[in-house]
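Peer 1: Chain by chain, the residues:
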Amino acid sequence: MKGRLAAVVPWLALGLAAPALAAPGEDPVAWLQKAALSARETTYAGTVMHVTGDRTVASRVTHLFTGGAEHEKIESLDGPRREIVRHNDDMQCFYPDAKTVRMDRRVSARFFPSLLNGSPQALAEHYKLSLGSVDRVLGKDCRWIHLDPRDTLRFAQRLCAELATGLLLRAQTLGARQQVVEQFTFTDLRLGTQVSRSELKSTFYAQSKDWRHDSQPLDEAKSVATGWVVGSPPPGFRLVGEMQRRMPNKPQPVSQLVFSDGIASMSVFVEPLNNPRRVAEAVNEEGALSVFVRPLGEHLVTVLGEVPGAAVQQAGRSVAKQQQVASGGK
Amino acid sequence: MTQELSSLMDGELDGPEAERAIRGCCGDEELKRKWQAYHLIGDAMRGEGPCRRASTDRIMAAIRQEPTVLAPRRPLAGVAGRVAFAAAASVATVAVVGWIGMQDRASPAGPSIAQPAPAETLPASARNEEIVLASDYVVVHRQMPNADFYRPVSASAVGGR
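If you read the sequences in order, they're chains V and X.
Letter 269 of the first sequence, counting from 1, is numbered 275 in my numbering, and no numbers are missing.
Letter 143 of the second sequence, counting from 1, is numbered 135 in my numbering, and no numbers are missing.
Careful, some of the hints might be misleading.
Claimed, not checked - Sample of chain V residues lacking proximity to chain X, with all beta carbon distances greater than 12 Å (derived):
| id | residue |
| --- | --- |
| 1 | Gln39 |
| 2 | Ser82 |
| 3 | Arg88 |
| 4 | Ala115 |
| 5 | Phe117 |
| 6 | Gly124 |
| 7 | Leu197 |
| 8 | Pro223 |
| 9 | Glu226 |
| 10 | Ala227 |
| 11 | Val260 |
| 12 | Gly311 |
| 13 | Glu312 |
Unchecked claim - Not everything, but these chain V residues come out facing chain X in the computed CB check (under 8 Å):
| id | residue |
| --- | --- |
| 14 | Arg112 |
| 15 | Val113 |
| 16 | Ser114 |
| 17 | Gln127 |
| 18 | Ala130 |
| 19 | Thr308 |
Everything labelled a hint here was simulated from the structure, so no lab data went into it.
From the three backbone atoms N, C-alpha and C, an ideal C-beta is built for every residue, glycine too.
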């Protein structure tokens, strides 16, 4: 007992919550752990620029960790006003122009700096992990973490983690020629006690009481068996969500299967085609986003995600109807 | 100009000449149609997959946005068709346009499951084509719908509270 306490005390003395926040030294896995933990369990607020191709979108993120739960508000600063208030994976999305609050559950959405899910050790199976130089971003020192794919089914990632907290200040996705195809970066940042709890409340909280509240997306996000399987998704991509979504202009629900390798994700959609017909496969990559369209009997398969074209193709080609044991069985 | 287009297609132009031809092609309706027709003819002659370039008019109508990226791209190996992307004005969406070639009435309806579509060699006149908008899927994947996307869904499924 005494020995355990002695082991814990130095961490307390440093003001750190847990050994996982230990100085990661030269271990990239430890840096990734620290980055993931910091994005989830620390308090910060700042402006995030998201650049894809020639488009830049600014948003403001406010993140608190209290009572063992994440509380986050994301406000769009460009384009139509909207806000997302997130409690762990539950999201309330405020649409002032439609006077609607939409409830949803985070499945495939990516919110910088919380880009990592699953265990960093698992990432090492499919990415070569290494540490790069110490850089200066936003007047703060950060260490680059390199994730270089071991195959052609995912993009390289460059993450710059602030030295003291491990929080990601910048994240880049690199294309096949090592060009930046997508980037998230903070352009201002406040940490810890500089952020007050009152900042978390939605700007629209009071007025939204009279708005429509739509919980259908949340209901849809509950995992259901869609009857479809992806036989051979790219290695390391595991199923993180399976649901049926209602979509505008589509009379029937669309099956969605979400896969993630811990940092990159893709969605596999299957929708009924009303008129059976032969269609041609189609694929394209644009920036970090790839899409693959493929006919499957009387259905259409669409796979898209922040992965190379080869990955959406591999997933899309292995979609099949789940084998039924026997109707009424089980 | 027609000759220039033809040369452009064959990769015989470079630098300023190519630029002039491209600009001419994209600025003139008649030349745009010719450019398309040449490609359809070329595809048919090579027996390649259908509808590598869909009707520009229909794409434009479908996405109601000025596409910024419709330049021919290197097709990935083993894929007959292509999907084009265009940037949409909306914050959360990237419009994705796929087009699909249909072999209408030339084959029995109801192809068997998982049977890949065979390369089509029908003449251009016998082809019909349909544009599939995949932009909504981008919105669903990112879980950040815009109001346009959102309204039709909510209209059918709103429980006030």
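Peer 1: Give a verdict on every hint.
Peer 2: Hints versus structure:
1. The claim that glutamine 39 (chain V) lies off the interface holds: its Cβ sits roughly 26 Å from the closest Cβ of chain X, which is beyond the 12 Å cut-off.
2. Not every Cβ of chain X is farther than 12 Å from the Cβ of serine 82 (chain V); the closest lies at roughly 6 Å, contradicting the non-interface assignment.
3. With 12 Å as the threshold on Cβ separation, the claim that arginine 88 (chain V) sits away from chain X is violated: the shortest Cβ distance comes to roughly 8 Å.
4. Its closest Cβ contact with chain X, about 4 Å, brings alanine 115 (chain V) to no more than 12 Å, contrary to its assignment away from the interface.
5. Look at phenylalanine 117 (chain V): its CB is around 10 Å from the nearest CB on chain X, not clear of 12 Å, so calling it non-interface is violated.
6. The Cβ of glycine 124 (chain V) lies farther than 12 Å from every Cβ of chain X, with a closest approach of about 18 Å, so its non-interface assignment holds.
7. At the 12 Å boundary, the C-beta of leucine 197 (chain V) stays outside the reach of chain X, the nearest C-beta of that chain being 26 Å off.
8. Look at proline 223 (chain V): its CB is around 8 Å from the nearest CB on chain X, not clear of 12 Å, so calling it non-interface is violated.
9. With a least beta-carbon separation of about 10 Å from chain X, glutamate 226 (chain V) fails to lie farther than 12 Å from that chain, contradicting its non-interface assignment.
10. A beta-carbon of chain X is positioned within 12 Å of the beta-carbon of alanine 227 (chain V); the least distance is around 9 Å.
11. Listed as a non-interface residue, valine 260 (chain V) fails to keep its Cβ farther than 12 Å from every Cβ of chain X; the least gap is roughly 8 Å.
12. Not every Cβ of chain X is farther than 12 Å from the Cβ of glycine 311 (chain V); the closest lies at roughly 7 Å, contradicting the non-interface assignment.
13. With a least beta-carbon separation of about 9 Å from chain X, glutamate 312 (chain V) fails to lie farther than 12 Å from that chain, contradicting its non-interface assignment.
14. About 7 Å separates the beta-carbon of arginine 112 (chain V) from the nearest beta-carbon of chain X, less than 8 Å, and the hint is met.
15. This hint holds: valine 113 (chain V) has a C-beta 7 Å from the nearest C-beta of chain X, less than the 8 Å allowed.
16. Restraint check, serine 114 (chain V) versus chain X: the minimum CB separation of about 5 Å is within 8 Å; hint holds.
17. A cut of 8 Å between beta carbons decides the hint on glutamine 127 (chain V): the least distance to chain X is about 26 Å, and the hint is violated.
18. Hint on alanine 130 (chain V) is violated. Least Cβ distance to chain X is approximately 26 Å, over the 8 Å limit.
19. With its C-beta approaching chain X no nearer than about 5 Å, threonine 308 (chain V) sits inside the 8 Å limit, and its interface hint holds.
In terms of the numbered hints stated before, the structure departs from hints 2, 3, 4, 5, 8, 9, 10, 11, 12, 13, 17, 18, listed from lowest to highest.
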